[in-house]
Amino acid sequence: MDVTRRQFVGTGLVAAAAFFGLPQIASAEALEDAINAFTGGADAASDGITLIAPEIAENGNTVPIEVDAPDAEAIMILASGNPNPDVCTINFGPAAGRHAASTRIRLAGEQDVIAIARMPDGSFKQARQNVRVTIGGCGG
Amino acid sequence: MADNVTPRVRVPREASAGESVSVRTLISHPMESGQRRDGDGNIIPRSIINRFTCDFNGVNVVDVTLEPSISTNPYFQFEAVVNETGTFQFTWYDDDGSIYEETADISVS
Numbered sequence: 021m022d023v024t025r026r027q028f029v030g031t032g033l034v035a036a037a038a039f040f041g042l043p044q045i046a047s048a049e050a051l052e053d054a055i056n057a058f059t060g061g062a063d064a065a066s067d068g069i070t071l072i073a074p075e076i077a078e079n080g081n082t083v084p085i086e087v088d089a090p091d092a093e094a095i096m097i098l099a100s101g102n103p104n105p106d107v108c109t110i111n112f113g114p115a116a117g118r119h120a121a122s123t124r125i126r127l128a129g130e131q132d133v134i135a136i137a138r139m140p141d142g143s144f145k146q147a148r149q150n151v152r153v154t155i156g157g158c159g160g
Numbered sequence: 255m256a257d258n259v260t261p262r263v264r265v266p267r268e269a270s271a272g273e274s275v276s277v278r279t280l281i282s283h284p285m286e287s288g289q290r291r292d293g294d295g296n297i298i299p300r301s302i303i304n305r306f307t308c309d310f311n312g313v314n315v316v317d318v319t320l321e322p323s324i325s326t327n328p329y330f331q332f333e334a335v336v337n338e339t340g341t342f343q344f345t346w347y348d349d350d351g352s353i354y355e356e357t358a359d360i361s362v363s
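Protein chains in written order, with this note's numbering: chain A, 21 to 160; chain B, 255 to 363.
So that you can see chain A by itself, here it is in the shape it has in the complex:
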């Protein structure tokens, strides 16, 4: 048998992953559907929205994020690699101050977090941030 140590370890990892079952990850299609449901297929500009998320999150169960989109009437947050890509939709009412919010979200693994803002004139703005996760937060 010509199995190097590296190959052996690799095979073991794959077998372990198959055995424990990886959490079901959202397909790109589900993400597209979620985005289209919000934007109606319109293109999104990338200016005028800020998404603050950590580059590396130790614990995928609570990842603090902050989103700021001046004048936006609603902001949708999506996690591209979660079993269900929707995270939350924040609608701002007339008494809202700065159109910004922070919350804590779950991330299954390394993935892009996406924020899309709907402006009062019907245009959309999008921001994207990659987050690496040490321990996933979706049970699995």
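In short, the hints are calculated from the structure, not lab data. Keep in mind the model is a prediction, meaning the values are calculated, not measured. Just to be clear, a hint being listed does not mean it is correct.
[Stated by the list, open to error] Chain A residues, not near chain B, derived (Cβ > 10 Å throughout):
hint, residue
1, 59
2, 83
3, 114
4, 148
[Stated by the list, open to error] Between beta-carbon pairs, the in silico distance windows are:
hint, chain 1, residue 1, chain 2, residue 2, range
5, B, 351, A, 67, 38 to 44 Å
6, B, 311, A, 48, 40 to 46 Å
7, A, 53, B, 338, 23 to 29 Å
8, B, 295, A, 141, 47 to 53 Å
9, A, 90, B, 299, 24 to 30 Å
10, A, 65, B, 296, 44 to 50 Å
11, A, 130, B, 343, 25 to 31 Å
The beta-carbon is built from N, C-alpha and C at its ideal position, and this holds for glycine as well.
Let chain A serve as the given structure and place chain B on it in line with the hints.
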């Protein structure tokens, strides 16, 4: 369903008219995502808070739709413009139909 659900909110006690004040809210809730399995391999059914609203004197500040990807003990921070003395009304809607409410007063000079 969910036990010991305790809402907690923090708003400044005083503000000047027209000021944008920071509002912080936290509610203790397990936010069971419907993805986890128990010891016997059965899926634990989803049980989350699916909507959160905040009003100031009857005027909406934020209305948030929550999905299972929101962490346990959902936390939100946002800003509200206050023009007169009044009350913030916070409402959380649970999947099981429960509604949790909390209020906070602010005096504006």
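So, going through the hints one by one against the coordinates:
Remark: the non-interface label on residue 59 of chain A is consistent with the geometry, its nearest Cβ contact in chain B lying 16 Å away (cut-off 10 Å). Taking the minimum C-beta to C-beta distance to chain B, about 8 Å, the non-interface status of residue 83 of chain A is violated against the 10 Å cut. Against chain B, the non-interface label of residue 114 of chain A is violated: not every CB pair exceeds 10 Å, the least being about 5 Å. Every beta carbon of chain B lies more than 10 Å from that of residue 148 of chain A, the smallest distance being close to 16 Å; the non-interface claim holds.
A beta carbon spacing of about 42 Å between residue 351 of chain B and residue 67 of chain A agrees with the range 38 to 44 Å that was offered as a hint. Separation of residue 311 of chain B from residue 48 of chain A is about 44 Å and conforms to the stated range, judged on CB atoms against 40 to 46 Å. Remark: the range hint 23 to 29 Å for residue 53 of chain A to residue 338 of chain B is contradicted by a beta-carbon distance near 43 Å. Under the hint 47 to 53 Å, the C-beta atoms of residue 295 of chain B and residue 141 of chain A, about 51 Å apart, fit the expected range.
Range check, residue 90 of chain A to residue 299 of chain B: about 40 Å between beta-carbon atoms, so the 24 to 30 Å window is missed. At about 46 Å, the beta-carbon gap between residue 65 of chain A and residue 296 of chain B stays in the expected band of 44 to 50 Å. Roughly 39 Å separates the CB atoms of residue 130 of chain A and residue 343 of chain B, a value that falls outside the hinted 25 to 31 Å.
In terms of the numbered hints stated before, the structure departs from hints 2, 3, 7, 9 and 11, listed from lowest to highest.
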